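Q: Using the sequences plus the hints, can you model the full thing?
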Amino acid sequence: MVEAGRSPNIEILTSARLENLDGKPGRFTAIVHQEPRFIDDDKCTACGTCTMYCPMPVVDLFNERLDITRAPHIDYAQAVPTSYYIDARACLRINYETCNLCAQTCTAQAIDFSQKPRKLNLDIGAVVLAPGFGRIDPSVLKKYGYGRFHNVVTSMEFERLTCASGPTEGHVVRLSDREPLKKIAFLQCVGSRDEICGNGYCSSVCCMYAIKEASVAKEHDPDLEVVLFFMDIRTQGKGFDAARERAEEKYGLRVIRARIPRVDQVDGRLALTWTTDDGKSCSELFDMVVLSEGLSAPKDAEAIAEIAGIELNHYGFCKTCVDSPLVASRKGVYVAGAFQGPKDIPESVTQASGVAAMVSELLSEARNTQTVTLSYPEEDKAIESEGPRIGVFVCHCGSNIAGVVDINAVRDYAGTLPDVVFCRDTLYSCSQDALKGIASKIKGNRLNRVVIAACSPRTHEPLFQETLKSIGLNPALIEMANIRDQCSWVHSQEPEAATEKAKEIVRMAVAKARLLEPLEQTTVDVSPTALVIGGGAAGMTAALCIADQGFECLLVERSDKLGGNLRRLVWTMDGGEASEVLDNLIKRVDGHPLVCVMLEAQVEDVSGYVGNFTSSIVKAGQPVVVDHGVIVIATGGREYSPTSYQYGVNKRVVTQLELEKSLASGKGILKNIKNVVMIQCVGSRGEDMRHCSRLCCTQAIKNALKLKGIKPDIRIYCLYRDMRTYGFSEDLFKEARKRGVIFIRYEPDRRPEVIERDGRIKVRVFDRLLKDEIDISACLVVLSVGITPGANDVLANVLKAPLTPEGFFLEAHVKLRPVELASEGIYVCGLAHGPKPLDESIAQAKAAAAKAAIPLAKGKAQVASIVSRVDKAACIGCGICESLCPFNAIRLFRVNKRRKAETITASCKGCGICASHCPTLAISMGGFTDEAIMAQIHAFAGERCV
Amino acid sequence: MTAGDFNPHILGFFCHWCCYAAADAAGVSRYQYPPNVRVIRVMCTGRIDLRFILEAFGCGADGVFTGG
Amino acid sequence: MIIAEACRQVLKDVGVNPERTALEWASAAEAPRFVELITRYVSAVKSIGPLGKAEGENKEAVIGMHLKAGAKAASALKVRTALGKLAKDIKKSGDYSPGIISEGVTKKVFPAFREERLTQEVQICLSEIGPCKSADLSEKTGGGIKEIGKILETLSRKKMVKKQGSNWYGIGMGNQES
Amino acid sequence: MPEGKAKKSGAVMVLGGGIAGIQTTLDLADLGYYVYLVEKKASIGGVMARLDKTFPTNDCSL
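Chains as they are written, first to last, in my numbering: chain A, 1 to 946; chain B, 1001 to 1068; chain C, 2001 to 2178; chain D, 3001 to 3062.
Quick caveat, the hints were computed from the structure, so don't treat them as lab data.
These figures come from a predicted structure and were not determined experimentally.
Hints may be right or wrong, so weigh each one.
Unchecked claim - Listed next, the in silico PhoX-like pairs over lysine-lysine satisfying Cα-Cα at most 25 Å (straight line):
| # | chain 1 | residue 1 | chain 2 | residue 2 |
| --- | --- | --- | --- | --- |
| 1 | C | K2146 | C | K2059 |
| 2 | C | K2108 | C | K2092 |
| 3 | A | K872 | C | K2072 |
| 4 | A | K900 | C | K2078 |
| 5 | D | K3007 | A | K331 |
| 6 | C | K2091 | A | K909 |
A: Pasting the structure below:
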């Protein structure tokens, strides 16, 4: 969020909505209506005085109405833009021309009631709709007692209760009497998979967040009893099943498979009643009931659709199709996130990057036409080489620091420190005017080291570094002394101790500042081509997308033809022809001038770093060396080949894909088939593989409906553990039940068996309702087999990329960077990242193409300045650093017959593990040298140093 | 000096990404805690060398707290 | 974690109570946990008492000496190589369980450190206090008689100390003997 | 300028400042486009900013 706030090419229009959109792709004009904030963003320093003085209480919507705030407020401390705004509805000054208290108390003079609503005319090339999802209507929650019983809360309210910056500072208490909780119930599928309220689909996220909230609640209070009521446990995300099992076992969460119809209140506690599988009815009392509310279409979906000229589907979400899930019905308008359908954060982030790729395709010739790049004056080497001349700026931060710490004492103390030639206190050193003042003082006094005694470097150091850069001083020559977040704010009751601590923090900062050296910001040229490994649906989509954005792309495929697993698919999820999608992709790949395909080729070795990879690819025995800037892994996955259930022994036991192929080949084979038994989770979830393969349930339903379509009177049994038809495919599940498919649930400890007796096969399964084993005679047994990783470990070694325990590629961050690997410049998509249906693979391929295109579009890769540097003379080539570096950013090279370590600056993250383990202390870290840290230790000791 | 009014002088090595961020978050929520710790920010606890800890005690630190 | 374990064992050797160090984790979102950790740790150090005095009467000077030698030892090639190799092996094996780490440190790193620390301290004693018997040296440095004997032997081989009667003299360390 | 040949605009409008909106905006800015991020509330972050922790890593969701 902070990045979005800072980039010069992003203009955030808050309290704004789209009013009109016309024009065609590449040339749209949009009219946006913006409500005023009544507080000037530039001047406001988020000190909070206005909120204190305002008399008008306002319900805090951000905290789900659980808290009260005032008319002028900020949603939460870390909000972006970090400036307050006034809630026009509640403000006395705006409505009744009275009060005006906040304007008088605001020391930064930021409040301005003359602001008016304004209309903006924007000419843009494309529109991206990402308005998110709507909340479930409270009327739907009435039957659970929401609104009547105090302790029935929605999951979002519970989220605020557990949040440290929430209304109860993270203490989970009963809302009725603020007493600690002893027993909580989570009810699933509230407002989703529910015909009455019109949300027939599954919201795909509630099972996962219920388990997270339950675990967080248990962390807060270990002897809390937590019960979760599920229909199907749908944690099909990557690594989610493992996390769920860990949470259930570690926190002892009780999971009951039942759907609670209503909630009653019995002497202050909440009573839930349900019936178990064997017909017994139970009821228990709880202190709090959390309703895991689903995701509905956004409230203003119709308005947006009408203005943007796009169609919605029957649930009110944006209508898209399987092979292009990111394009809305109007050309040039794209959709990403929950508005396209209920989904989890990783899928939203993937779709968002995918849409960025498609826009970049549409507007590739208009790239860099309207962006502004800041230019900086030449660095003044002379001043930097002089002896240290340190300037110390001690900040009041309004009353945040000055209210506790004696600023003048700290300033005067700083003046006495050696090499400090200038010191001054500032009211708000981070405000625009103060920054100008600091810049002029630095130039005026020829300062070459700066210490800012104020808040945390984590949030404000880049701001001050920009200031240094703007006056020709190396940005590394600044050190921040955190005397606010880690001093005045946390020792407000002990002003003298806080002042003493502030002095020592400043003394340590000055000691370090004295030893700061300029670090140059190296940029590396990027060779503008991409290497895509794997020619399946994901690989082809990624290659095409990169090429359409204007960059050369080399597509390497191990087999002799493109297509991968897509060749084995006959129908897509929405009934379309898979072969059509395949042919279309292959035709575009073969025809594209910027895509070069290498079949029967395998990547043998890769070296280099982001922007400068060199790989040797073996084609028909001959290694071909290629230079490229980025790598996209799309090596796909393999269908799990079962070893049990008589597969391979009896030819009437087939997998779903084999069934699909035979269905497509002709009706003939169905002649004498009356009974079909499908078995789910074959191989997945615990048999041979721990993970859930995510798409086999939906595939089984698709085939079952196909079978029913061809032969309506056929009997189909589906033996399942959890039916995970998440999202809109829940409709297919309902359709299957309507068409008479019989679903029988089995427990993992009593799996079904396939028994063969004189040529006929039977499936024996324990039916939990009848409490007995039943034998179903089957003319055909169809196994829903999962997806195992391809030969990822070979490629993983070549790229030194980590794999998950299940063997898929490990991404940088499961939620926020799902298509990037930890090491820069390498991206992953499709089944190589994890099992997923076709539309998600395509969206991920486009996302990977977007991320891969960024370094190519920039042409230069910025390298962080905090990196390791090796002193060649002292290095004895022991190789300890190379083996310990988590980012492969330090390598041993042969320098005239001796081995010496050398840093790969582009990959180095500055952690310093190599420096602290180097036997000859030959490695120094930019910004955190040994001498600087030692100086800080001695400054810490002050006079007591022995 | 009885233990009552002995005020330990403690050195803290905080990792920029986790512990230092937690300390900032504690500040934002205005939690109060004793002011005895002086912090040296490092990019990762992996950066801390045995020498630093021994040097700290050599310089009279009563305690060294490493926060990852 | 390896360095933390090494630190605990090293501090025991130089006479500082290892409880004075702590290694904790607190993510950016766990401010309450962080505050609790700091408060608990500060009171723990408060109950241990000030460095030196708490470890026993007039121990401050002795500990100061041990620490000075310890700091030098921690920069010695032999000790740092041992620590680096151990870290390399543990990373390769992938097994970071506490048992493996403490065993590795006890076997490979600590002996190197102790020997180097004693060697450094012997040299400091000889140069600061002047000639003394090996028994005094063992009592001052806390090293065993045999250990100190071996160290003095290696030092004399390196022509850094000389035995005169029952006293040992440092050579070229400022206090030229007669 | 003839209608067909009009030069394409190098700016994009993103409607909605939740996680999806912000991610698209950041990627587009990196890819060299000027982005208008239109958010109906007073601060961006959407629902995700209200979450305390995110599944399964439980790190902070800001």
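Q: Against the structure shown, which of the earlier numbered hints fail to hold, in ascending order?
A: none
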